[in-house]
Every structure is written in structure tokens, then in C-alpha cells.
Amino acid sequence: MAQKNGVKAPISRKSLVDTTINGEPVEFLCEPRQSLLECLRDVLELTGSKEGCLTGDCGACTVLMDGRAVCSCLVLGVEAQGKNIVTVEGLAETTRLHALQQKFLEHASLQCGICTPGFLMSAKALLDRNPDPTEREVRYALAGNLCRCTGYDKIVRAVLDAAKTLRETRDASAAAGS
Amino acid sequence: MAASSNGNFRVIGTRPIRHDGIEKVVGRAKYGADYSFPGMLHGKLLRSPHAHARIKSINVEKALKLPGVKAIVTGKDLPRAENKIEQAGEMAINPYYLSMNILAHDKVLYDGHAIAAVAATSPHIAEEAVRLIEVEYEVLPPVMTVDAAMKPGAAILLHDLRNKEEGNKETNVAQHHQFKRGDVEAGFKSADFIVEREFNTAMVHQGYIEPHNAVGIYNNDGQATIYCSTQGAFDVRSLSAQVLGVPVGKLKVVPAEIGGGFGGKTTIYLEPLSVLLSQKTGAPVKLVMSRAEVLRASGPTSGSKIKIKMGATRDGKIIAAQIWMAYEAGAFPGSPVGAGAMCIIAPYTIENLHIDAYDVVVNRPKTAAYRAPGATNAAMASETIIDELADKCGIDPIDFRIMNGVKEGSPQVVGPPFKRIGFIETCEAIKNSEHYKSKLEVPFRGRGVASGFWFNAGMQSSATVNIHTDGTASVVTGSTDIGGSRAAMAMITAELLGLPVNDVRPVVADTDSIGHTDVTGGSRVTFATGMAVYEAAQDAIAQLKKRAAMVWELKPEQVEFRDGEFLSGDPSKPPMKIKELSKRLARTGGPITGRASVNARGVGPAFATTCIDVEVDPDTGKVQVLRCTVAQDAGRAIHPSYVEGQMQGGTAQGIGWALNEEYFYDDKGILRNTGLLDYRMPTCLDLPLIETAIVEVPNPGHPLGVRGVGEVSIVPPPAAVANAIYDAVGVRMTETPMSPPKLLKEILKKRAAENAQSAAAD
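In the order they appear, the protein sequences are chains A and B.
For the working numbering, add 1206 to where a residue sits in the first sequence, where the first one is 1.
For the working numbering, add 263 to where a residue sits in the second sequence, where the first one is 1.
With the rest of the complex left out, here is chain B:
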């Protein structure tokens, strides 16, 4: 399949070099930790060595006496924040719990939970001061899994959490979602094949290479500025304001270049503390997490337990599904289990459906968004079951998906029927790929496919397009550029204004310099911010038309703008390009700034289908990925290279999730793999080249057809790998990671069963 066709477009669909590229390859781009200011102090945090404990006392006296130490803050220095639910990107955030996560108030709820923050003249002194803080704990039993947390009599993490379904009793279950359709009992009765399995997926981290960071500068007039790497400067501002108990207008957030986020940088950890320490010391204060702190205390995504029963008729129609799922929220409510429940069978039309989903608090770090939050765990379960059903029906797994797949008009789990979507097209792209058609006949090699769904998000974005006096332009947005979105914004602007792409400078502005813009997340930047940019460019064009009319002494409606030129319709008045018109702006009324703000509707859901070949070492259980192809519906690929990049990156993360990555806690609830040697993300040697097929089924809700491409590619790989392992060695894996010991155990079990069988036959 062609990588991308750019149809009638001049700029869209081409692959220019990103505008911010040079700064990044010469080492000049400024990431959060690269900021420093005269007189700046350095901060470090004291973190809990226990998974679950009551704090009896904190004594900072000795630490404060250490020369170079300027201030120490604890949970007592934070006001009690309001107990309410607020949407921040794809995850709901409750400021009350957020504040307790930033600094423990009276209990520590996970290994690594922050207790105090120190500011000192050097990071080393701050670190030594942290060791001098004395905390007395009453250690409580750790509750590490959803099973343990949901058991009657389990230790309770949060005493204000109550079970409204069971007489307002104390509970670790923060929420129960239920989705029903049709009659599952009747559905299963008419099924010819029923498959039922239980799946367990391990907690995993987003694994961005840049640790969290913040520099806070508090001014004596009560205004403060935060420099930090974040996916959402406006969210940092509003969340920090709530935690600090100050109005939003007192804070300004300057987004630094960001070193990866994948959802993990849509919330706050250090930001309000940098301001508080700056307020106490009168100096700028910089806080940077270590890698161990990132793993122990920033939000990973949920481990989960999912039980699925699914039935199909002999002719390959999925007829019923009953699903029970529980996700680890971490120490505070808010796992993505609701999203997981709505995604788990989203690619298929299933008449009879019953889903129960539970959000469960456990003594682990509070989870944060991670690329299509909740959907990957869910697909590991459902897409493995679907593979098994296809096998039982004797139908090719891709055909089975196409037969049951959703298309325009199919019902969603919640909400109105799907508009135009490209699920079937992603299946067909894989089916037609050279990869899927190739033969794979070597022993211990196998092929697996799986599909994934993600909603994508709209939300609020603002943009301004400034026309410069030489006819070039700048496009200003509030969307952190996490993977090349500046280039996409410049390309949309250039396309509309008829300019070369390098005549448009894309800018990511701070919270005082652009209208409110929600997070870079939910695959929403090219969709929603792109929509704002599109409208801002149209606004600039409308204004330019008026100026052209003034120059020509015509009415604005007599002026046409086509292919980058203003046309008068009068042969005596030759067409004008923006370059010419821009010279006349001062004399025709002044500069031109196109503006737009949107709360974007018309979100186009995303689908991906992935094919993975693996080789299993039957003696060690090690899995090597040999070949991988991912097909994804982008709606419209603005910059195909960065679309491919999202597809490849998400796939790589999904493969890491499948094979290696997991949070490993000991029986006391202490995280034992706090470094990147033991939290094992894929390296260059673990992966093949990742082939991509960009599918473009335009989103009817976007002027350019854009859907957004950031997330869905992470969803299929774990199930695709599990299905490939089954194809290779005949064992069904129901746990992630499918690491060598786990797979070897299953291989040996199967071998023992086969031996027993042949012995019995003898």
C-alpha cells in the first residue's frame, strides 16, 4: 500500500524537515532540566521506604541545620485541596488526592510516595539533607493486587472511599462501571463455540527517557512562573493552582521541550513544590527526578485482571461476550478501567454484551495516562480470545475480524453509532500486505495478528497565525510538540496560505501567550489544534482578502483566494500573492493576526491492526520478534513520516509491554526494579524494522479529514505477540509480560502433558 497520497494538496502529505529539528540535533533545544537561573537552588524529595504506613511524626530539624539547606516543606504546607473530579486529558483527576500524591498528608500509600521536599544550594546537599529527615512510621499491611484489595477484610487504603452498592462500607473499590446490551445468557445458548479465560497484565511504565522536572520562580508580588516539561502547560497551571490554593491567574507555565511523555506528563508531581520552595527561599528552585523516582513514584499504567467469556456461532459470528475486569488504580482512584471497558470489544459488533469494570486502589504509585489508556490491557484479553474463536471456527483470523468488524453505522459500546471509520480497511491492509502473504514454515516460528481501538480526543485548542511584513507567517499554539506536531501545524498553515512550508514558523507558546489549550494527549493535537490552526489561517485569509479589496478598491466579496493568490477577476489588476500584499498591511489598517479557538467536536476514532512474526526459543522461552507490520487509519496523514513514527513507536512500546516490561514488587510492597537495566524496555537489538501501512479513511468531523495517530498502535501488539507464540509453540499465554520464565513454564507444562499422554497411549 502506498505510504500516503497527498491528492490535491501541495504541502500536506509531503515530508519536510521539521522546523525544530536542527536545535534538537545540535544539542541546543532546551528541555526542562536544561533551564537554570542565577541564584537557583536545587531540590530533592524524601520518599517513603514503605508501601503502606501511617506517618506518626516528621522531624526536619537536623536536615535544616545542614549548611546550604534553605527550606523544607511537608504535606502540612499544602492546603487541603477540593474533593472533586476534574478532566485532565484522558484521565480524571481529583485535586484532593492529587495533593496527597504530591506530598503525603498522614499516610504513605506506596514505596516512593513523597513526604518532604528540600531546597539547598546544590543537589548533593539537598540529597544529604533528605537523609537527615527523621520520620516515624506505623507500618501497615501492603495491598498489592486487585485480588488482595477486593478481598473481604482487606486493609483499607483510603478511609473516605465508600462502597455505595454495599451500605457505604469502607472499600478499596473506587468505582464500578457496567455496560450491558442484549441478553448474554441467550447469546451463549446459541453459540457453537465458547472460550473462557482469565488474563493478568503487569503494571508498566510509559518509560519516557526524560525524567520529570520543574523550575519554580516565585515573585514577591505573588506571581509565579514554572518552567517544566509537560504535555499540557495549561493543565500544569490549573492543577498546580488547585494544589497551592492560588488563583490560576497567579501562575504562568512555560513549557520546555519535552523528552517523551506518552500520557505520563499530563499530571503534576514537582511543579507546585518548586513554587512553594521558591516562595520560602526567595530563589528559583529546580527539582529533577532520578530514574528510580520516575519508576517508583510517577504514574505508570494499571496492571489488571480480566476474565472473558466469548461465544461464536460455527459460521464465525461473535454472538455474546461476558467480561469482568479490574484495574489497579495505584494509591488513589482513577485507573483507565472505564475506557478499557469501552474499548475491549469496540472493533466488533456483538449483540449480547455484559461488562463489569472495577477501579481498585492498591499500594502502588497512582497511575497516569499511558497511550490509549486502558485499551492495551483490554485488547490483550479480547484479541487473544478472538484469535482462539477464529481458530475454533476454522476461519482466518483477519477474515474473522472483518466478518465481525464495525463499520459506519455499527453501534458503539456507549454513545451513537460509528460515523465513517477505517477498521475494516486496516484489516484489509494487513491481509494484502506482503508480510501477511509471506510463508513462515520454520519450526518455533509463528505469526499473530490483533486489532485495537481508541476513541481519540477533541477538547480545547487555540491558535494564532501572524502574517509578517515579508509575507512569511508564524503559527502559535499551546500544544507541546512531543513528536513533530510543530511541523504539522506549519504544514497546515502553509497549505492554506499558499506559502512554502519553511516560510511558516511554528511556535509553542506559554500559558500567557496563547488561549487555553488542553493537553498534548488523546491523539488530539493534529486533530483539534490542527482544526484551530486551520480556522486561524482561514481567518487570516479573510482579513487579507479585505486588504486586497482595499488595494484594488473592490468589495471584499469580489476578491477570491485560490492557490496562494488573491484574484480580482479584473485583468487590469494582476493576482497578488501574500508576499506582495503583506508589504501593504501597514497602510491598509495594520498587522494581520488570524485567530481561532475551538472545543473540537467531530472526533474520529482510530483503529489499528498489527501482524507480528516471532521465533520462540523452546529451551529458554525467549521470544524474538522477527517481523512486524502495522496498519492504522490516520484519516489524513499530514506529515507521513511522523505518522509512521507514531505507529512504529506505539508498536515498540506494545512489544515491550508484551515481552519484558513489568513492575516487580517484593512481598513487602517494595519496587525491586527501579532502574532501566531491570525495567527492561526494548532496545535496538530487540526489534526489527517496523513496516507501516497508513490507511486514510477521512474523518468527516475534520476539515482535512484528520483523526489523530498518537495512540492506537500500542493496543494490538501484546495480543498479536501472544497469538504468534501460540502459532509457534501451541501455548496460549494469558499473562504479560510473556517473559522467558513464564513462557518456558507453559512450554514445559505442555510438553509434560504431551509426554503423559503418549505414555498413557503406550
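Chain A on its own, in the form it takes in the complex:
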């Protein structure tokens, strides 16, 4: 352990974490005290997930972990071992935006945009399990994400509209398949 003037360095041993991020196998080294958010941002340079509070209150760092929306600031980096993580960087397909991203743009659902990655991930988690949510259900699912710019109006509208688009796309492809 590094020493300077007889004082021990507080650096703790790093662990190797073997995980999947946005569909790709990823290995990274992290200290036991580092949050998943810190690992994503500072180790893996995936800065799309944002830090607003580090206490799980604002939701700006929301990612999907095995399909569930979690605040990555409340997950330790080492807990990503063997998990499947999706961040905002993994939301769009190669050449096409996810319907949520497209609807956020069309409805002007972002002003400063800092909360947007978190909202997109929470909304994706909702629509993955409930393709036809009511306004109330959308509000409930997004209540862990704070937005200070928009008053949520245009966010809620975009999520409802994206849900509709996704349902239509799925119905159309089902019809084409039958």
C-alpha cells in the first residue's frame, strides 16, 4: 500500500467486475466503495447517467439492472457482477432512436436535459412491463425522478405517446407476421 510520510494511503484494493453493459460484455476494476454510477461515469466514461444527489432521491442516475430501474448511485460497482446493465447510451438502436427518445424530442420534454437520461430509463422500465399505462401509472412510475424545468407536463405526454407508438409498431409487426 502506498505510503507518504508514514501515513497510509486510503486506497482500497480493487476488484475485477465482469458484467454486461448495453449488450456488450465489459470488465472493469473498481474499489469496494465506488458506486455503479461512479464506475459508469469515471471508470467506463459512460457519462450519460447523471449525478444529482447521490442519495437516490433525484433519479438522474437511473439505469436498468436486469430489466429493473435502479438508481445507480445506490448500487455498488461490485454489485454489477454478472448483471445485465442498460444505460441511456444503450437505449437507441444503432441508427434509430427509441420511441421514448423520439417522443421526448417531439414533445419538447426536456429543457436543460440533465434529468432526461434518468426519465428515459424509468419510462422504459415502465413500458417494458406495462405497454398501456394510464396517466396516473406514468406519474407513479416516474415519481422517483425529479425534473425542475418542465413541471412534468410534457414528459408525461411524451411517455403516453411513446407507449402508443410502441403498441402500434408491435401490433403492425404482429399483423405482418400472421
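Just so you know, these hints were derived from the structure itself, not from any lab.
One or more hints might be untrue.
What the hints assert, rightly or not - In silico DSSO-like cross-links for lysine-lysine, where the CA-CA straight-line distance does not exceed 27 Å:
hint : chain 1 : residue 1 : chain 2 : residue 2
1    : B       : K682      : A       : K1220
2    : B       : K325      : A       : K1220
3    : B       : K682      : B       : K580
4    : B       : K452      : B       : K432
5    : B       : K1013     : B       : K702
6    : B       : K515      : B       : K347
With chain A held as given, fit chain B onto it using these hints.
Okay, now just chain B, sitting in the frame of chain A:
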């Protein structure tokens, strides 16, 4: 009411997707904390655990010995800055106090006041080093409220503050403003109804989701660069230069994408420290605040005490107002009480007026601008009183406002009479709304309306419009895009040049790449920077006309530009679009850059009127907002979606201010709600959809009629909520937040009084 009509415009008034949108939905946009550089160090700050104390000594020896620690700076490392007042956006800033706020010099003046900054190889090491710094304090009594601070014998925060009205004595009152008109005594004598109340509003924070941040890179030649999220890169440059004691020309500020500001990012906290630590270590240094630091030590807006006495005649004319108001400035002078005093009755013509306003220092963080600074506190008081007067006169509250409302030619509290304004129109928009016409007859539900005024700001802006070789264009400004203003700048450019909006790329440049531009604040970007963009586009067109004349061998004045085409008036010379002409620029004299800089005059004041329905739970005092409609005069809505966004966002902040948000200090002056769980901002579940009515009464001082829309919507909600609560349960709330315990107390008090009355009757 129609959302917006775009009249003769092709682009203005439409709703294109913002140009910077994709970067923001795929996570690629770079905000301040997203910057990193090779060899970068991380900094953390030591902050005061006391509200008020003298610093006897600071010992950094142990901290410096920790491996990984590279440098520590304290207040001694900052030069004494000049004691003078400087305008930065909507707030005045004194570099002398600003420097003391960035690092305490000999006293700490609030819980969280910065004392030292550490740079280390990781943020965790810097944090541990902070804990190893030893400070000896002499703890002094905390002064937490304007009452306590103004009391004779109160502990004094700043010994150089003197009361010029009272023999130059030491004081906590930094300033006293007074505004008078007519004769209030006589006014009250002729009033049929007089209402008098005292209001208290709690200190609240802007609550932007992105904490303050800065990366400083100092080069050995004395030049330094700061990357940070700010509403005003040029202000960061000039304020940092003053705090560091270096010429402005030594600093370059690169504005990152900004994660909200609402006025709170118009001043500096970390920026000069990142440069100082970089200078000491020879490495880039990044500083990012935690949420607790944001709440404890970045500028909230003032809590306040306001006493109002207002009188009206039986036929509904407001005849006199006497107002006493005191705002918490925080630890250093500079609350927005002066603005509050000029806003408090601004929507109404009142012949007899007397306002005393006091700026008071207290052991709380130095306040910063917050969306229409000072006006919301003021309107909570005046708009509640006006509701009560309307009620006493038996007049509909909207009609009462229209009867007394200001219009073109009405006097302002200070300055010349109003030019063309849209206050009455916002009242009418609410009156005609489906919402206001709807019935509300369920028990414990109520409806309230309130109005608000904000000056808006002009100030300096620069813009360049570059014509590219393929006939597309870029528009470069120095205005941080905090809510979609890039789109508005591109739309104005596209409108004038006759281009599709996606052929114009809007750019926000750093302080070396564009002329001086004041803050994104004061609702001024679309107004003033929009004016610069308008003029820069006209300059480009004038130059293009000359080139067309060269091509056609005509005189420039023979060339006309209409609907995106250059016309020769000669049938043998068919019209040319910019796309064609741009191919010929190299051969006709080279590239074209339209330029303009403005110090914008002709500011158009903003008004908003808001209607809110609430349901009160009579057993808990909890208030749920059921429905909300806001009408606001935009002058001209360039991009209606982002105008609505400003209206909705301001309204949501106003509702949070009304119902939940407050700084909660204990008796030692320590902030007890330093996280977003306890500093309770509205969530998705707390709000309904927010209906908007954009009113467009063109501002005669702007070529497109723009007023600016960023702020005024925050002003009415607290009073509208208070008025709705009265309508629902019959109690007059005079305090914010109107949180469940406070409202329940009033409901129980009323119930007890009613019970006592009926018992007496029995």
C-alpha cells in the same frame, strides 16, 4: 385560446425539434461534471459546521501528509477583492463579499460556508483529507431571521456594514429602499375596506438537478481555462478574475451544457478555486458539489417578512397601500428586496403608496437570483390581500384585477409609464378559459387566482451568423441554452434568411469565440440575444445583397431580398436563393459573416395570471393541486413549446414554493434538510397537467415583438394556492410553505373558534 398564431411567419411560431436535442436524449451532451482531462485531480471543500463563528486557526498539516493530496488552499490564498457593487444579471454582486463567500477569510457566516479546498488524486482521497483539516472556532450566536437580525443588540455579522440613517452604527441592515407616491393616510381615510396582514415566506432553493461544478486548467504562461455549467460564461470570467486578482484576459470560460440554473448559476463558487488549485498543482482540477453542499452553500432565495395594509373603495378601486418588507440576504448583502418592492403592486394602479424595503444579513447562505427574484415573495403577500379585498367588495377576483390593472400609459412604481403591455389580456385569458368557467362544488375543493409581474431584462448580447459554402448557416451566440434557446436563435436566423430551420446550426460559444454576452437570466435570451441574432442576420443579408449585385452587375440598392430570394427586378436575371449565391462567395470577395452586438433597450415587461384548483384534506392539512392554468404574455412566442415549457416549469416551482419547500434550520443555525428527500420539490405525482394560454401582445421594443418568458410564471402560484385554500376551507394562509402541519393548525384553530361560537350560542 389558440396556443400561438404565427401570422406572416414561416418558421417563427412553429415547433421544430431542438437542434441540441439528440445529444441530450442519447446521453452524449457534455454537462460540466462530464468533462475530464488527462492527469486531472479532484477537489473537495471543507465547510463550516457552525452558523456563525470566528476562525481562530486552520491547520492543514495532517491533511497535506495524506498520500494523494496535492494542494490545499484557504481564504489566505485569495487576494482581498475590491469593495464595490457590480451588476451580474439580475443581482448586484460585490467582489469583496463574493471572495469571502468563496472561502471564508476570518469568520464563517453560515452552516456550510467554505473554509478550505483540497486537490487530490481521487475525490475520495480529497474527501478524507478534508476531514483531516483542523479548524479552531470561536462560536458566535447565530442570527437566523430578519426579526432577530434587526433587533437592537443583535449579534453583528459584518462589522463593516454601517447604518447611514442611524449615526453610522454597526448593523445587519445592508440597505433600506423607500418608494412613495400620493398620500397613503388620505388614501386609507377614503377607503371603505382595509385589509392588513403580515406574511412570512421561507427561504427556498432553485433546486436545479445538476450540482455546481468546475474544471480549472492553469497554464504556466498565466492563462487559464475554466469548464463549467453556468448561466453566464462572461460573468464567470469577470467575477473569477476579480476574486483571483488577475486581468479578465487571462481567463477563458467554456460553458458546458447546463443542468438547470433558474438564476442560481449566475454567480461563482468553485470556479476560481479550480484555477487556484490547478495553479498550485500544475494539473487540471475538477470540483463538483454534493447535493448537501448545493443546499447548504449555494445561493437560495430569500425568506421574507412582509406587512401589508391595503384599502379599497366599495366600488372596487384599490386606493392605498402601505407595505413594509424585509428579505433575508443571507450572509452578505444583496437580497432581491428592491426588485420585490418594485414588483409587489406592479400590476395595479394605486394612487397612494408607501413601501419600505430592507435588505438584511442573516447567518444563512448568500442568496442568489431565483426566477423573477423577489417578486414571488412579494406576490404571495399582495395577491392574497387583493383576493381578500375583492371578496370584501363582492367582486370576482379576476374582474377586480382587471378593474385595477395596469395598461399602456399606467404609472410604474419607478420609471416612465408602461408602454404596451399585456396584463389585462392575461386576466381575460384566464377569465375565458374553460378551467375558470368550470364548476367546482365538491367540499374541501377551492379555486384561487393570482397575477404576477416581472421587469424582464435587456443587457448585452453578441451574435454572428456565418453563411456556409453550401448555403446553410450557423448562428453563434454567447448565451447558455438553458431551456431551448438554441432552437429559438436558429429559428430567427432561418426566418430572416429564408432557410429551413435545420439548415441553421445554433452554437453557444466560449468567451474567446464570441463578443461579450451577459447572463442567461432576466428572461433576456430570446429578447436581447434574439435581437442580436436578428441584426446579425440582417447584416449577413445586406452583405449577400452586395454579392448578388456583383454577380448581376447591378448596384446593391437595386437588389431586393424577399421570401428567401434575391431579386434583380430584371426578368433576364432570375431570382437567386442563398443556396445559389453562397457558391459564388469565394469569387465575389470571400466568406460572409453577419455580426451584431447590442445593449438591448426596449425591454417589454412580463405579466402572468394563474388559476389553481386544490383539494384540502381537512384531517391532515395536505393540499393536492387538481387543476392549473397559466396565462402569460410572451410578446411573441418564437417556439411555442418552449414558451409553454417555461410557463409550466415556473408554475411547478411556484407550487413547490407554495406547498412544500423550505430551508429548515435548527436553533443552532444548522440546516437540517440537506437532501432532496427532505427538501421536498414537487414530483410527477404532486402535479396535474399544466394548461397554458400564451398571450401575445407584441413588445414594441423588439423587432419581432418578443418580451421574454423565463420567469414571471413562478410569481402567481403561491398566492393562487393560498387563495384556493381559502376558497376550499375558509382559512387565510399567510406563510409559505403551506405544508400540512401549518394548514392543519389553521383549520383546527378555525374549527375551535366555530365550536366556541356555537357553544356560546347554545
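Hint-by-hint comparison with the structure:
1. B:K682 - A:K1220: violated, 67 Å
2. B:K325 - A:K1220: holds, 26 Å
3. B:K682 - B:K580: holds, 22 Å
4. B:K452 - B:K432: violated, 37 Å
5. B:K1013 - B:K702: Holds: B:K1013 and B:K702 sit about 26 Å apart, inside 27 Å.
6. B:K515 - B:K347: Distance ~23 Å between B:K515 and B:K347 Cα, so the pair holds.
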